[in-house]
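Please arrange chains Z, W and A on chain S, whose structure you already have, making use of the hints.
Chains as they are written, first to last, in our numbering: chain S, 1 to 261; chain Z, 1001 to 1261; chain W, 2001 to 2261; chain A, 3001 to 3261.
Possibly wrong hints are sitting among the right ones.
As the list claims (entries may be wrong) - Pairs of lysine-lysine, BS3-like flavour, derived with a Cα cap of 25 angstroms:
#1 W:Lys2031 <-> W:Lys2053
#2 Z:Lys1031 <-> S:Lys31
#3 A:Lys3134 <-> W:Lys2031
#4 S:Lys122 <-> S:Lys134
#5 A:Lys3007 <-> A:Lys3031
#6 A:Lys3031 <-> W:Lys2017
#7 W:Lys2257 <-> Z:Lys1031
#8 Z:Lys1053 <-> W:Lys2257
Don't read these hints as lab results, they were simulated from the structure.
This structure is a prediction, so every number in the text was calculated from the model and none was measured.
Protein chains: 4
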Amino acid sequence: MPEPFWKTAISKVEPNKIIVRGYNLMDLVGKYSYASLTYLLWRGELPTDAQAKMMDILLSVCIEHSLNAPSVDAVRFVASCGVPLQSAVSAGVAGFGDWHGGAIEEAARLLQEEVKAASENKRPLRTSAEEIVKRYKQKKEKLPGYGHPTHTSDPRTRKLLEIAGETNVRGPHTELAESIESLTTEFFGRRLILNVDGCIAAIISDMGFDWRIGKGFFIVSRTPGLVAHAYEQLYYDKPYKAARWNEVVYTGPAERKAPDR
Amino acid sequence: MPEPFWKTAISKVEPNKIIVRGYNLMDLVGKYSYASLTYLLWRGELPTDAQAKMMDILLSVCIEHSLNAPSVDAVRFVASCGVPLQSAVSAGVAGFGDWHGGAIEEAARLLQEEVKAASENKRPLRTSAEEIVKRYKQKKEKLPGYGHPTHTSDPRTRKLLEIAGETNVRGPHTELAESIESLTTEFFGRRLILNVDGCIAAIISDMGFDWRIGKGFFIVSRTPGLVAHAYEQLYYDKPYKAARWNEVVYTGPAERKAPDR
Amino acid sequence: MPEPFWKTAISKVEPNKIIVRGYNLMDLVGKYSYASLTYLLWRGELPTDAQAKMMDILLSVCIEHSLNAPSVDAVRFVASCGVPLQSAVSAGVAGFGDWHGGAIEEAARLLQEEVKAASENKRPLRTSAEEIVKRYKQKKEKLPGYGHPTHTSDPRTRKLLEIAGETNVRGPHTELAESIESLTTEFFGRRLILNVDGCIAAIISDMGFDWRIGKGFFIVSRTPGLVAHAYEQLYYDKPYKAARWNEVVYTGPAERKAPDR
Amino acid sequence: MPEPFWKTAISKVEPNKIIVRGYNLMDLVGKYSYASLTYLLWRGELPTDAQAKMMDILLSVCIEHSLNAPSVDAVRFVASCGVPLQSAVSAGVAGFGDWHGGAIEEAARLLQEEVKAASENKRPLRTSAEEIVKRYKQKKEKLPGYGHPTHTSDPRTRKLLEIAGETNVRGPHTELAESIESLTTEFFGRRLILNVDGCIAAIISDMGFDWRIGKGFFIVSRTPGLVAHAYEQLYYDKPYKAARWNEVVYTGPAERKAPDR
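Chain S on its own, in the form it takes in the complex (with noise of 0.2 angstroms):
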C-alpha cells in the first residue's frame, strides 16, 4: 500500500465531529480559552491553569505597536492597494522574519542549548551568562532579543516577568536571560535590556517548547493588531498610499542616453 500523500498528528475532521490532539474540540471550547487551545495545539496536551494563564499573556503582550513595526507598515501600504482583508494581514505575517519577531527563535535556542549545557556540566548559569557575552562581543555579533530602537526598558518584558513570577513557570532559561542582561553594561558599555522577544523567548524555553515555533507566538499576538489596521486603512484612510516621488532620492547613475540600435 502506498504511503499516504496526508497524514497528521494535530487533528482529525468527520463528518460533525472536530478531534484536536484526541480531544473532541467542542468538549474543550467554553471550557479552555483560546490561549488554552493554542497551547493544545503546539505542545499536544493541555495546560494546567498557571501555564493556560501565562499563555493566555505570552500571546497577550505584543498584540500592538501602532506603526512602528515594519510588519504593520506593509499591512497599511497592501491594504491601500484595494485588497481583501485578509490578503492584506498575510504581508503583514510575511514580515515577522529574522529582524521583527525572530529573535524569539535564535533566543530561545540559544537558552536552551546552554541551559542544557551547563547541567550537562554543572556549571553555574552565571558563567554560562558570562561566557555568552563574551563570545557575542568578540564575533561582534548581535545578542539576540536584547536591546530595543524605541525603548529603553521594555514595558512587556516587565510584564511578562511578573507574571512568570505569579504563575511559576520561571525557571532557569528566564534566569540565564536576566544573568545576561546584567551583564551587558560591563561587556557592551550601556545596558542592552532584555526586550520582548528574550523574554518570551526565555519564558517559553521555561515552559518547554520546542524553539522552532518560537514565531508562533509572535504570529497568534500581532495577528490581532494586523486585523485592526488593515480594517483602518481599507474603510478610515486614503486608498492608493505610497510614497510620494519626491520623497524618494534617487543614489544610481545620472541620466544618460540610451544606446542607439
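Coordinates of chains Z, W and A only, in the frame set by chain S:
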C-alpha cells in the same frame, strides 16, 4: 502644514509606553484576556465579562479543521518548500477568501441589512426570513452561511448558540439566522444547516460588530492551527511535497510539433 | 472511477519531458521569447511575430515605478524584516489589488462588454463612449483606466499606442478607450488621461484576452522590479525599517485609566 | 538634515518620466526586451545581445512545471478559496523557498566561492570539483543543484548548456558545475544530474550575477505559470478544493475524554 503621512486611532507608541485605544496596554494585560484585547482593538472599547467570554468562544471554535481546508493544504505545501514558519502561515492566511471564511462577511452584511430594514418597517423577522429564502432561491445563489461540505450538523454552530444563550448576547440577528435555517427544507428541498460562518456572522452582528471586520474572527481563530501545521510540515514531514506527475490528468491539446521558424 | 483530484489543460510533466499546451517546452525555448511563452501559457496558442512583439512591450512598460507604488513600499518593509527574497516579493505581489493594477481588469471588462454591445446593436463606438462617460459621471464613480496621481500624460500609454500601431494589433477596444479619453474634459471638467492600466486593458482586449486575466500582465511586468527592490533593501539598506514612533499621529481616545477589576 | 527615509539606486519617477538606472525607460522599451530590462534592473547596466539572449532563456526554461511543484499546488488551493488572482499568485511566490528554487542561490554561492578560491590558489577546477564532492559526501549533505525527483536527465539543463555555448557566456563556473556532475557516480554510487537550479546557478555566475539574487531568476521565470494556474483554478475548476476528510490519516493520540473542570 502638510497632512501627516501616518495617522491611526488604534494605538500610540512612545519610548517605554504602548497606548491602545487610550489605555496603557500593560495596565490591561493580566486583567483582560487576549480575546478581550482583540475586542478592544477592533471596537475601541473594553468588553463586558459576558462579551469577553463570547469573544473567546468566537475565536476558539474554528481554531482547527485539519487538512480538510484549502488554507491548511496551502500552508503544508508552502512549508514543504523550505521557508520560515511565518511565510507558510502567511500563505494560509491569504487563503481566507470569499469561499473559505468569507461567508462571515457576506452573511453578516445580509443579516445587518435585513434586521435594520425589518426594524425600520416594523416587519416581523419571520417575514424577512421568508423573503430572503425566496430571493436566494429565485436568484439561484448560495445562501451565505448555510450548508457545509462535510458536516450535516455543524458542531461549532451548536456550541456558539449555547454560549450565546448563556452570555445573553443573542439578539435579532441570531433569531433571523435561525429562522432562515428553519425554512430551508421547505424552499430548497433539503435542510441547509446554519454553518459556523453563518453563526459567527449572526452573533457578531448581535454584538454590534461592523460586518466588514467579520473575516478578522476567522483569521485570528485559524492562525494557531496554521502555525501547528507549518511546524509539523517543516519538522515532521518530508520536504518538497507536491502532486506526483502521474497523479495529474492533463486535459490540454494533444502533443504537437513546434512550428518551424 | 472517482474524479481525479488534479486536472489541468496547461501542461504535463513526465520524466525528462515538459509539455506546455501540447508543445515540448524545450522545442520552443530559444525560438520563442519569454513573452511568447507567457502568451502560450495564457492563451493556449503561440503568438504571431506581431503579437509576440506586442506581448513583450505589454510586459515591459510597467517593469519599474520606484517607491512611488504601494506594492514596492510593502516589499521594502517586509524585506527589512529579514526574510528570504521571495517572501518580500510575495508581499508586493499581494498588493496588486483593485486600486493598484486592478483597473486593467475593470477597464478591460468595460471595454469588452461595450464593444460587444456596440457591435450587436450596430452602434458607433463614439456613441458608446459618450454613454459610458455620462454613466460614470452620473454614478460619480471613477472611470477605470483613466487619470494618474503622478503623471499628467502617461509615458507608458504613448509607447504602448505607438507599438500597437506598428504591430497592427489595434482594434475597436483601443478606439473606444481613446474616444472616452477625448470626452473627459467636456464631461468631467478636466482631462482624465488614458493611463497605463487603461491602455493595457484596451490592447489586450483587441488581442482577444479574457479581461479576467488582465492582472496577470501587471503581475509579470512588475515582478523584476519587486525583486530589485527586495534585493536592494536586504543588502544595501538598513534592517527593520519602520515608521518612527514620533512620525505617527495618534487620533484615538485620550489616555484613560484602566477600569478597576 | 535628517537621513531621507527612502533612497534607491534603481529608478526615479517624476511626472511623465520614469528613469531606470539612468535611462529613460520609454527610450528602451521596444528596443530592449523584457529580459534585457530585467538584466538592467538587476545589474545596473544594459546587456550585450548575447547576454540578452541568454537572459531570456534563463527566464524561459522554468516557466512551467505543472502541478508537480509545491508552489503551483499552493496557488491552486489558495485560488480555490475565492481570492483575487494576485493573491493566489502571491502564495505561490512565497513557496520559492530553500527546497524549491532555493538551490540556485546555494549552488551559485558554492560555485562562486570555489572558482574564486581556485583562481587565487591557481588550482585546477577539476581538483576543486573532487574536493567539493568529497566534502559533501563526508558531511552527508545534499549537493545543491544536483539530482531531481522526477527527471533523470533534466531537459532544461541541456537546453541551457546549449544556449550558453552558442552565446559564449560559458565560463569557469559552468565548467566546475559539469565537473562536479561527472564525479557524482564515482563518489555517490549513482549519477546526480546537474539540475535546472544548478545549471542556472552556474550560468548566472559566469555572467557575473551576485548569488544572492539567484532566486530572482526562478521567481520571474515561474510567475507566468502561476498566473495560468490561478486563472484556471478560479474559472475552470471547482471552488473550495481541499483534502477530503477521509483521505487524511490521523496519527495523533487516540480519542480521549476532556478533563472535568
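Hint-by-hint comparison with the structure:
Distance check on the hinted pair: Lys2031 (chain W) and Lys2053 (chain W) sit about 14 angstroms apart at the alpha-carbon level, within 25 angstroms; holds. Simply put, Lys1031 (chain Z) and Lys31 (chain S) have alpha-carbon atoms about 18 angstroms apart, close enough for the 25 angstroms limit, and the pair holds. Of the pairs offered as hints, the one joining Lys3134 (chain A) and Lys2031 (chain W) is violated, with about 40 angstroms between alpha carbons and a cut-off of 25 angstroms exceeded. Note on Lys122 (chain S) and Lys134 (chain S): the hinted pairing holds, with a Cα-Cα distance of about 20 angstroms set against a maximum of 25 angstroms.
Taking the CA atoms of Lys3007 (chain A) and Lys3031 (chain A), the gap is near 28 angstroms; set against the 25 angstroms cutoff, the hint is violated. Taking the CA atoms of Lys3031 (chain A) and Lys2017 (chain W), the gap is about 34 angstroms. The hint is violated against a cut of 25 angstroms. The suggested pairing of Lys2257 (chain W) with Lys1031 (chain Z) holds, with an alpha-carbon distance near 13 angstroms, which does not exceed 25 angstroms. Under the criterion of a C-alpha separation no larger than 25 angstroms, the hint pairing Lys1053 (chain Z) with Lys2257 (chain W) is consistent with the structure, at around 23 angstroms.
Comparing the model with each earlier hint shows violations of hints 3, 5, 6; every other hint is respected.
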